[in-house]
Amino acid sequence: MGRTAGRSPEDTRRALLDAAGKAIRARGIHASLDDIARHAGVSKGGLIYHFASKDELILELARDLLTSFRSDITAQLDPHDTEPGRLTRAYIRTLLAPADDETAAREAIELIAQLMTIPAVAELARAHYEQLDAELAADGLPDDVRTLVIAAADGINSAPLWGASMQYMQDPKCQQLEQRLIQLTRQPELWQQLPWDAA
5 MGRTAGRSPE
15 DTRRALLDAA
25 GKAIRARGIH
35 ASLDDIARHA
45 GVSKGGLIYH
55 FASKDELILE
65 LARDLLTSFR
75 SDITAQLDPH
85 DTEPGRLTRA
95 YIRTLLAPAD
105 DETAAREAIE
115 LIAQLMTIPA
125 VAELARAHYE
135 QLDAELAADG
145 LPDDVRTLVI
155 AAADGINSAP
165 LWGASMQYMQ
175 DPKCQQLEQR
185 LIQLTRQPEL
195 WQQLPWDAA
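At the far end of the sequence shown sits residue 203, using our numbering, and the numbering has no gaps.
Treat the hints as calculated values from the structure; they're not laboratory data.
Just so it is clear, CB atoms sit at the ideal spot from N, CA and C, and this is done for glycine as well.
Be a bit skeptical, because a hint or two may be false.
[What the hints assert, rightly or not] Derived lysine to any residue pairs resembling SDA-like cross-links, with alpha carbons at most 25 Å apart: (1) K26 with T121; (2) K48 with A19; (3) K177 with I160.
[Said to hold, decoys possible] Pairwise CB distance ranges (calculated): (4) D175 with R31: 32 to 38 Å; (5) S36 with E111: 17 to 23 Å; (6) D148 with D175: 22 to 28 Å; (7) Q174 with P123: 35 to 41 Å; (8) R42 with A138: 40 to 46 Å; (9) Q174 with I33: 31 to 37 Å; (10) T121 with R18: 20 to 26 Å.
Could you put the whole structure together from the sequences, leaning on the hints where they help?
Below, the structure is given as structure tokens:
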């Protein structure tokens, strides 16, 4: 990576966050500030100018990932959709969207797995989850339908953790399932028509 000449402070912070992600993926959560500074093309002093400690840098990296996820959900909101379940549908589309870059998607999974071993990051993620869960609960769907479609989307999204190809999301069966989950949010009465007593 190039040196910092001509970089804005925002560009340098972005480079430091990206470098922190690379260093943590390569060396684990014990990656040093020297490792991160080297990846970013700055001195250790330059890194500390932007982030006073490694803990601060790691928490900001986690916040950045969580903010990016929320931005992805917002981008999936249909501006013409005003029906109950609008946010849930955006959530489903976000989690089941095929990866544009399989390598980047796998690297993101690796990074998140590393970061979640840090108690402060796990707490930050828990608070983020609780806020999103509250918003989804207020989305106007019956609780059982919302729980089902969210659990299904979460499960499909996590399949690469267990060895599925990142191209799994492009499988026609997966795309059909996405459509059915979306349909269930639009017609929650379908849930009540399933023959539960048959089990």
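### Query
Using the C-beta atoms of Q174 and I33, is the stated range 31 to 37 Å upheld?
Check passed, 32 Å falls within 31 to 37 Å.
### Message
So if I understand the rule, the pair passes when the alpha-carbon distance is 25 Å or less; does K26 with T121 pass?
### Response
Holds, because 17 Å separates the two Cα atoms, which is no more than 25 Å.
### Query
Is the hinted pair K48 and A19 satisfied, with a Cα-Cα distance of at most 25 Å?
holds (13 Å)
#### Entry: Distance restraint evaluation - D175, R31, Cβ atoms, bounds 32 to 38 Å
34 Å Cβ-Cβ, so the 32 to 38 Å window holds.
### Message
Does the beta carbon distance between Q174 and P123 stay inside 35 to 41 Å, or does it fall outside?
### Response
Once the Cβ atoms are compared, 36 Å apart, the range 35 to 41 Å for P123 and Q174 holds.
### Task
State, for the Cβ atoms of T121 and R18, whether the hinted interval 20 to 26 Å holds or is violated.
holds (24 Å)
### Task
For D148 and D175, compare the CB-CB distance with the range 22 to 28 Å and indicate the outcome.
For D175 against D148, whose Cβ atoms are near 27 Å apart, the range 22 to 28 Å holds.
### Task
For S36 and E111, compare the CB-CB distance with the range 17 to 23 Å and indicate the outcome.
holds (20 Å)
#### Entry: Cβ distance range 40 to 46 Å for R42 and A138, holds or violated
With a Cβ separation near 41 Å, R42 and A138 satisfy 40 to 46 Å, so the hint holds.
### Query
Given the proposed pairing of K177 with I160, does the C-alpha separation stay at or below 25 Å?
holds (11 Å)
In summary, this structure violates none of the numbered hints.
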